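Sequence order for the protein chains is A and B. Take the first sequence: its letters are residues 1 to 427, numbered as in our numbering. Take the second sequence: its letters are residues 1001 to 1066, numbered as in our numbering.
Simulated from the structure, these hints should not be mistaken for lab results. Every value quoted in this text rests on a predicted model; they were computed, and no experiment measured them. There may be inaccurate statements among the hints.
[Claimed, not checked] List time: in silico SDA-like cross-link candidates among lysine to any residue, alpha-carbon distance up to 25 Å:
hint, chain 1, residue 1, chain 2, residue 2
1, A, K134, B, E1027
2, A, K223, B, S1014
3, A, K134, B, S1004
[As the list claims (entries may be wrong)] Quick list of the computed label-pair ranges, beta carbon to beta carbon:
hint, chain 1, residue 1, chain 2, residue 2, range
4, B, S1006, A, Y43, 41 to 47 Å
5, B, E1050, A, I281, 49 to 55 Å
6, A, F402, B, L1060, 50 to 56 Å
7, A, L189, B, I1028, 53 to 59 Å
8, B, S1002, A, G57, 28 to 34 Å
All C-beta atoms in this analysis are idealised placements derived from N, C-alpha and C, irrespective of residue type, glycine included.
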Amino acid sequence: MDIPLLFSLIFALVMILLVTGRYHRSVTALLGAFLTILFASEYGLFNIQDLWTELIGFIDLDTVLLVIGVMILAESLARSGLFEFIGLSVAKTVGGGFHRISISFMLLTILFSAVLSNITAMVIIGALTVSLAKKFGTEPTDTILYASVMTNVGGLMFMISSIPNLIVSAQLNFGFIDFVLISMPLALLLSLVTLLFIVRKTKSNNSSSEQIKVDPWSVVENKGLFYRAAIIFVTVIIFFIFDDFIKLPLGLIAIGGAIIMLVLGGQEPESIFSNVDWGTIFFLTSFYIIVGGLSRSGVLTAFADDVVKILSFNPAIASNLNMWVCGLSSSVVDNIPMTLTLIPVMEHVSAVTGFSLKILGWGIVFGANLGGNLTPIGSPSNIIGLGILKKEGVHISWGEWFHKCVPLVILQLLLASAYVTLLPVIL
Amino acid sequence: MSESASRKYEEIESRIEKMLIPSITLEITMPEGVDREAFLKLENDSKFIETIKTQIKKLLTQEKGY
Chain A
1 MDIPLLFSLI FALVMILLVT GRYHRSVTAL LGAFLTILFA SEYGLFNIQD
51 LWTELIGFID LDTVLLVIGV MILAESLARS GLFEFIGLSV AKTVGGGFHR
101 ISISFMLLTI LFSAVLSNIT AMVIIGALTV SLAKKFGTEP TDTILYASVM
151 TNVGGLMFMI SSIPNLIVSA QLNFGFIDFV LISMPLALLL SLVTLLFIVR
201 KTKSNNSSSE QIKVDPWSVV ENKGLFYRAA IIFVTVIIFF IFDDFIKLPL
251 GLIAIGGAII MLVLGGQEPE SIFSNVDWGT IFFLTSFYII VGGLSRSGVL
301 TAFADDVVKI LSFNPAIASN LNMWVCGLSS SVVDNIPMTL TLIPVMEHVS
351 AVTGFSLKIL GWGIVFGANL GGNLTPIGSP SNIIGLGILK KEGVHISWGE
401 WFHKCVPLVI LQLLLASAYV TLLPVIL
Chain B
1001 MSESASRKYE EIESRIEKML IPSITLEITM PEGVDREAFL KLENDSKFIE
1051 TIKTQIKKLL TQEKGY
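Throw the hints in and build the complete structure from the sequences for me.
Put into structure tokens, the structure is as follows:
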């Protein structure tokens, strides 16, 4: 059998299973990795004598450790009650009824998703919103829907804000500051535009000026743990920021911070480990192997050569197309495989055309983060948001999602597209 | 929504809700000599719940009430 065709079929099978959701995404990726290893060994693409060393060579350990470290840190920080404390403090300070609080929660969503996983950020914002809506006797639907969209805008803020950011940063050598300098202006612009859109679309149907009479500290069970977790997290962020001077691998900083958090945080490690999303780690590592098989079989180079023919005339158009392809595909399939697959393709495009790999890489970051909002299943935070509403007895159809959220997401993607076009001038 | 996210959500939501809208759950066994159906209906009877709230307020604001 034609070898590139075989590995293309394995990739197509994995993507079909991911889109249909037939199995858990980690199981699908493990199956794809297993088939890749089996056939790559059979056809002599992988060295069977030294298979494990070869497989580890495909996996970017720094990225994997970075993801694990950030997950442990974020989980410990979330358990300290810091985010509920901030949420209740904001609700108490803003006052003036549910509409006003929900608008301030949109900004809070961006902040939370910038430092937490989108899932955790959405769970916390969802819980705060639903409880406050009950308190004010109003509907949380619009706030939850728009918060789902906002988590993905927050996901653009920092290198640690989403897994595609971590993958691109590690593979294209973006430092923490490099990332912030390019991503933050767009994230702030999108936040502002999105907020204005939401204020226009939602109207206050609750004019209550009831003040929240609750002590935000009451959600913090252990103040010592609260302060320790916050200090360790901030220290790790400072290390990320000064990584250009410290010269330590980002994965080592993250995993080091996670170990210190486990030692000093005073939380039950078993319980933290049980809440780390190991499925994503299996998914990520398995996909590195699938991409390794695609690369060895020549599929990626052949595909990249075709891409070069289409994209070779202008770096801005190349990056724009990259962003839209990544964005549209991320609306139906997980953004991790798209990111992992497109990076080697863009490396080849950059090598052949001389276009800046960094500019091409930004197209992947923006598309992968924002595209997920195009459908209710495109991003984990959308699924969580709709799950929360379902628990509250509200069913949101695809039609309603398209009606309420898609115009906003298209607007975000168009702004990101304009920004990507300007990048060759800025960089 | 995955099982772990759902669990995490319920845990946080019940904690915040308890802070914002404090509530207690009581188990009251049926007193003798009352109609079973009428007794069970009290659980969702808003007038009954309001009466209990008034009694609680009286008990907690007038120390001698205990």
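Now for the hints, and whether the structure bears them out:
The suggested pairing of K134(A) with E1027(B) holds, with an alpha-carbon distance near 24 Å, which does not exceed 25 Å. As the CA atoms of K223(A) and S1014(B) are separated by approximately 20 Å, the hinted pair is consistent with the 25 Å bound. A C-alpha spacing of about 24 Å is found between K134(A) and S1004(B), which places the hinted pair at or below 25 Å, so the restraint holds. Remark: the range hint 41 to 47 Å for S1006(B) to Y43(A) is upheld by a beta-carbon distance near 44 Å.
Taking the beta carbon of each, E1050(B) and I281(A) are about 53 Å apart, inside 49 to 55 Å as hinted. Evaluation of the 50 to 56 Å hint for F402(A) and L1060(B) yields a pass: the beta carbon distance comes to about 51 Å. At roughly 58 Å, the beta carbons of L189(A) and I1028(B) sit within the given window of 53 to 59 Å. Under the hint 28 to 34 Å, the C-beta atoms of S1002(B) and G57(A), about 32 Å apart, fit the expected range.
When each numbered hint is compared with the structure, no violation occurs for any of them.
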